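A.B. asks: My request is simple: use the sequences and hints to build the entire structure.
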Amino acid sequence: MSFNNLDQLYRQVIMDHYKNPRNKGAIEDGSVTVDMNNPTCGDRIHLTMNVEDGIVTDAKFDGEGCSISMASASMMTQAIKGKNMEDAIKLSQVFSDMMLGNDYPDDVDLDDIEALQGVAKFPARIKCATLSWKAMEKGLQDQK
Amino acid sequence: MNAKELKKYFPILDQEVNGHPLVYLDSAATSQKPVQVIEALEHYYRYANSNVHRGVHTLGNRATDLYEGAREKVRKFINAASTKEIVFLRGTTTALNLVAQSYGRANVKEGDEIVITMMEHHSNIIPWQQLAKATGATLKYIPLQEDGTLSLEDVRKTVTPNTKIVSVMMVSNVLGTINPIADITKIAHENGAVMVVDAAQAAPHMKVDVAQLNCDFLAFSGHKMCGPTGIGVLYGKQALLEKMEPIEFGGEMIDFVGLYESTWKELPWKFEGGTPIIAGAIGLGAAIDFLTEVGMDAIEQHEHKLAAYAMDKVTEIPGISVFGPKRGKDRASVVTFNLDDVHPHDVATVLDAEGIAVRAGHHCAQTLMKWCKVSATARASFYLYNTEEDIDRLAASLLKTKEYFSDVF
Numbered sequence: 003m004s005f006n007n008l009d010q011l012y013r014q015v016i017m018d019h020y021k022n023p024r025n026k027g028a029i030e031d032g033s034v035t036v037d038m039n040n041p042t043c044g045d046r047i048h049l050t051m052n053v054e055d056g057i058v059t060d061a062k063f064d065g066e067g068c069s070i071s072m073a074s075a076s077m078m079t080q081a082i083k084g085k086n087m088e089d090a091i092k093l094s095q096v097f098s099d100m101m102l103g104n105d106y107p108d109d110v111d112l113d114d115i116e117a118l119q120g121v122a123k124f125p126a127r128i129k130c131a132t133l134s135w136k137a138m139e140k141g142l143q144d145q146k
Numbered sequence: 392m393n394a395k396e397l398k399k400y401f402p403i404l405d406q407e408v409n410g411h412p413l414v415y416l417d418s419a420a421t422s423q424k425p426v427q428v429i430e431a432l433e434h435y436y437r438y439a440n441s442n443v444h445r446g447v448h449t450l451g452n453r454a455t456d457l458y459e460g461a462r463e464k465v466r467k468f469i470n471a472a473s474t475k476e477i478v479f480l481r482g483t484t485t486a487l488n489l490v491a492q493s494y495g496r497a498n499v500k501e502g503d504e505i506v507i508t509m510m511e512h513h514s515n516i517i518p519w520q521q522l523a524k525a526t527g528a529t530l531k532y533i534p535l536q537e538d539g540t541l542s543l544e545d546v547r548k549t550v551t552p553n554t555k556i557v558s559v560m561m562v563s564n565v566l567g568t569i570n571p572i573a574d575i576t577k578i579a580h581e582n583g584a585v586m587v588v589d590a591a592q593a594a595p596h597m598k599v600d601v602a603q604l605n606c607d608f609l610a611f612s613g614h615k616m617c618g619p620t621g622i623g624v625l626y627g628k629q630a631l632l633e634k635m636e637p638i639e640f641g642g643e644m645i646d647f648v649g650l651y652e653s654t655w656k657e658l659p660w661k662f663e664g665g666t667p668i669i670a671g672a673i674g675l676g677a678a679i680d681f682l683t684e685v686g687m688d689a690i691e692q693h694e695h696k697l698a699a700y701a702m703d704k705v706t707e708i709p710g711i712s713v714f715g716p717k718r719g720k721d722r723a724s725v726v727t728f729n730l731d732d733v734h735p736h737d738v739a740t741v742l743d744a745e746g747i748a749v750r751a752g753h754h755c756a757q758t759l760m761k762w763c764k765v766s767a768t769a770r771a772s773f774y775l776y777n778t779e780e781d782i783d784r785l786a787a788s789l790l791k792t793k794e795y796f797s798d799v800f
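Protein sequence lines, in the order shown, are assigned to chains A and B. With the first sequence counted from 1, adding 2 to any position gets you the working numbering. With the second sequence counted from 1, adding 391 to any position gets you the working numbering.
These are computed hints drawn from the structure, not numbers from a lab. If you're wondering where the values come from, they're calculated on a predicted model, not measured in any experiment. Quick reminder that beta carbons are idealized off the backbone N, C-alpha and C, glycines included. It is possible that part of the hints are untrue.
[What the hints assert, rightly or not] A few chain B residues that face chain A, going by a derived Cβ cut-off under 10 Å, partial list only:
#1 TRP762
#2 VAL765
#3 ALA767
C.D. replies: Next up, the structure:
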């Protein structure tokens, strides 16, 4: 079964993250907690992170949302674990550029996240993809 | 009426979206506009554009006649006693806020109650929340039956002699429930409360008769009933409106202005501060002409049939859950549903790829979503230009959506 263009959006790796989310849950006594929602559609994320000496040592998410928002959150937590705060925030900005269809530096290792590139072609879904990243960025900016 | 013929009056519907003929099933969010309305707006701007109520010049008179003529059309459409009872505002939200801030602030005090229902749109919740917070009054909710309807017994239990305002939607934008407004009004009045009606989802689809409902205030929006955006109506009983203070002050609404004191124009203009929504009102007047020519009874019957057809077609898809009154029960032409564990955003994206426009999200009813125990739903809503073929397309695409998501998983 195929729909025009839809396969660009619903890539296998996205569906895998949606069905088998990585880092789902909450860190008890996490050093950073962020709740964010998307008031226009009801998507909601509860993000907890541990930051030690400027390094994101752990990240977990809980929430409700569509395949794109939940897969994106799963990929985001996977990507930032072990990164220092600067790099995590930088990655969020790269992701934002990717969603807006802007150029972004090609020296950044995107790994699974690259699969979300197709979202840029579905303007109504960009906010779904960026919710968890905005939450992460806000949480880390507050730590600075 | 013949929906296929009517569709021809709506130029926007004659297009392809993502390679498929457009099927527009989001009229509860906003309706499409017939050429009659588009032309009325164009005619106004080409022939009569001018400010109202002040021009000695000819264009000023034309604009004023068209604007006030639209008010008379609205009066007749809802069977109000006088055009003094018809206030042009931006939309339902603005109208409900005017009642809450003007009538509410003057008449509600600590210990009083404001009663609404669990199915309200945010625009009929937040103004009352704010009023309750500001006055120390209590906001109470009439609960829902399992099928998303109201029982009059619950209304009687919730409304008490301490209740000052009861505000209820006439038709639910999510559940499709049609509420017994005349009966609720009676209960409100027996307890000495005023009755406010959010008719945003009713006025476009069925005969709304304020004399028969006997409500005190009623609000609706032009854009959901073939009119332009940015125009809405507050109906209020004259005796109540007379006593109410404006909440917007400035040009257009004044009678005499002194250095330290001013007086207001008479009804309805004292509530229309600033240059009014002239083109919007004229467009709404044209929409009312169009709807009246088709016939509100005919529209209601057509949608009734569509709703029943959609309920049959949609509920037979395996894995579908539909919210609101069950199949066979009286309901408005709104079908809100979820499909297995496919998130409604994903459903809406796949339907869009098929050229079908539906709404996904919380439909400005977060408290109702909690009651439904979901965070979001998909909603197909119909209007006079929709046909059974549109619903067939929806049902077929929902089946494809289901298959697509079982494939990609």
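A.B. asks: Please go over all the hints and tell whether each is borne out by the structure.
C.D. replies: How the hints compare with the structure:
1. Against a cut-off of 10 Å between C-beta atoms, the interface hint on TRP762 of chain B is violated, since the closest Cβ of chain A lies about 14 Å away.
2. Annotation: VAL765 of chain B was flagged as interfacial toward chain A, and the flag holds, the nearest CB pair being 9 Å apart, inside 10 Å.
3. The interface hint given for ALA767 of chain B holds, since its Cβ lies 4 Å from the closest Cβ of chain A, which is under the 10 Å cut-off.
Going down the numbered hints, you'll see the structure goes against just number 1.
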